[in-house]
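Student: Sequence:
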Amino acid sequence: MKSQGQGYPTWNTKGKRVTISALERRVECLIDRYRLARKRAMCDFWVRWPGVVFQDQKKRLKDWLSCPSEPQGSHGRFAADPPPTPGESPYVTMLNSYLKTESLTQLEKRVKRRTLTVVSQLEQEMEAVRSRRDVLLQDVRELQEEKSIQNADTQSLLEFLRQKKQQSQQKYDSLWREHFKGCQEVEDRRQELVSTYASRTADLQKKLSQGRKVQLGLRKQLRTLKPIAGIRESQERKLRALEQEQASIPADTRFMDREAHIQFLQERAALEKQVQELNLLESGENITRELKKKAKALAATAKQAHTEFCRGVNTENRQLWEGLRQLDQEYCKLEARRKKLEKRKQQWKEQQWYVEALIRGRQRLQEQQQDRRSTPTQGCPLGTRPKASPKNQHWSRSSGAVYRG
Numbered sequence: 001m002k003s004q005g006q007g008y009p010t011w012n013t014k015g016k017r018v019t020i021s022a023l024e025r026r027v028e029c030l031i032d033r034y035r036l037a038r039k040r041a042m043c044d045f046w047v048r049w050p051g052v053v054f055q056d057q058k059k060r061l062k063d064w065l066s067c068p069s070e071p072q073g074s075h076g077r078f079a080a081d082p083p084p085t086p087g088e089s090p091y092v093t094m095l096n097s098y099l100k101t102e103s104l105t106q107l108e109k110r111v112k113r114r115t116l117t118v119v120s121q122l123e124q125e126m127e128a129v130r131s132r133r134d135v136l137l138q139d140v141r142e143l144q145e146e147k148s149i150q151n152a153d154t155q156s157l158l159e160f161l162r163q164k165k166q167q168s169q170q171k172y173d174s175l176w177r178e179h180f181k182g183c184q185e186v187e188d189r190r191q192e193l194v195s196t197y198a199s200r201t202a203d204l205q206k207k208l209s210q211g212r213k214v215q216l217g218l219r220k221q222l223r224t225l226k227p228i229a230g231i232r233e234s235q236e237r238k239l240r241a242l243e244q245e246q247a248s249i250p251a252d253t254r255f256m257d258r259e260a261h262i263q264f265l266q267e268r269a270a271l272e273k274q275v276q277e278l279n280l281l282e283s284g285e286n287i288t289r290e291l292k293k294k295a296k297a298l299a300a301t302a303k304q305a306h307t308e309f310c311r312g313v314n315t316e317n318r319q320l321w322e323g324l325r326q327l328d329q330e331y332c333k334l335e336a337r338r339k340k341l342e343k344r345k346q347q348w349k350e351q352q353w354y355v356e357a358l359i360r361g362r363q364r365l366q367e368q369q370q371d372r373r374s375t376p377t378q379g380c381p382l383g384t385r386p387k388a389s390p391k392n393q394h395w396s397r398s399s400g401a402v403y404r405g
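The sequence shown lines up with residues 1 to 405 when you count with UniProt numbering.
It is worth saying that the hints were derived from the structure and are not from the lab.
C-beta: ideal position from N, C-alpha, C; glycine also.
Heads up, none of these hints are tricks.
Simulated DEER-style distance windows between Cβ atoms:
#1 A241 - V313: 26 to 36 Å
#2 A152 - E192: 55 to 65 Å
#3 R25 - Q244: 46 to 56 Å
#4 A241 - A357: 34 to 44 Å
Starting from the given sequences, assemble the full structure and let the hints guide the process.
Tutor: Okay, structure coming up:
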């Protein structure tokens with residue numbers, strides 16, 4: 001039989017502090033403070049105006065300079081930490097005031113030094129941003145000056161355009177006078193054109209028959225396009241259904257991830273409770289091999305559960321991304337088909353407009369011919385300006401296009 005205490009490991013803790021769990025908690029506390037300080041620095045950089053921070057620093061510097069110096073011999077706190085220098089930031093001052101050098105361990109000192117370096121880097125970045133802001137403000141002022149100069153230039157340009165408008169109006173009146181003089185010449189030319197009207201009318205009859213043939217062909221195409229329009233409507237319905245399904249996918253995945261995360265948190269809470277119990281047992285003297293094995297097994301199971309959870313989430317996310325990619329490809333195909341159908345529909349409308357324009361031109365030619373046969377042709381007097389209606393202007397344009405053709 002072995003005596004009591006022979007099968008247990010002996011720790012030589014003479015003159016040492018057993019701070020396993022306490023040290024971990026202090027390290028976590030320091031890391032949280034570092035993260036909090038970094039978040040505050042980023043918020044000050046993006047949200048608060050840099051001028052407010054600068055005024056706050058000036059105010060603190062004035063308060064520090066105005067406060068009387070206290071004796072440092074009776075209070076060890078003032079003797080340990082020097083007063084903040086004018087170049088220090090409020091975050092560095094906060095770290096120096098709350099984290100005393102004498103009461104810190106080596107790991108805490110290392111974390112403090114790293115935190116101070118990160119804070120100084122952030123201060124340098126803020127100074128660089130302030131300098132860039134000054135440069136941008138100077139550029140804005142220069143742009144405003146250039147804008148005022150351009151406004152002055154545009155005023156002179158408007159005056160120049162006003163003068164040009166007056167000159168063009170005068171030229172327009174002179175051209176009207178010349179037009180009255182040339183009316184007689186136009187009348188002679190009209191008599192010559194009447195002789196060629198018969199031949200042109202025959203050509204228009206041929207073109208009209210061709211237009212009718214084109215119209216019949218377009219009607220046939222319209223009949224063939226009706227089932228395509230039905231297919232397009234069904235495709236649009238499918239597209240809307242796919243869009244609704246795509247919109248519902250993120251909500252479902254968020255709900256699934258939430259359930260898995262809640263289950264993982266429950267398992268993690270139980271495992272953390274067991275680890276805390278083992279830490280309490282480790283802080284005492286009665287430590288057995290069974291407890292060590294149990295602690296290792298629990299740590300291994302916790303790690304395995306975490307890896308399995310992460311793997312499952314990654315696989316689900318990959319499957320969802322593949323489904324989303326397929327839906328996107330189908331949407332692109334449907335959109336290309338829709339654009340093609342719209343283009344064909346526009347071409348059909350243009351052809352129909354062309355045929356209708358030919359029919360209206362033929363009708364107007366017949367009406368004009370009947371009017372000329374019923375009323376004798378009279379010359380336009382030179383002293384009056386003819387009033388051209390919009391219909392006559394349209395007829396003159398169409399007839400000119402026909403003559404050119």
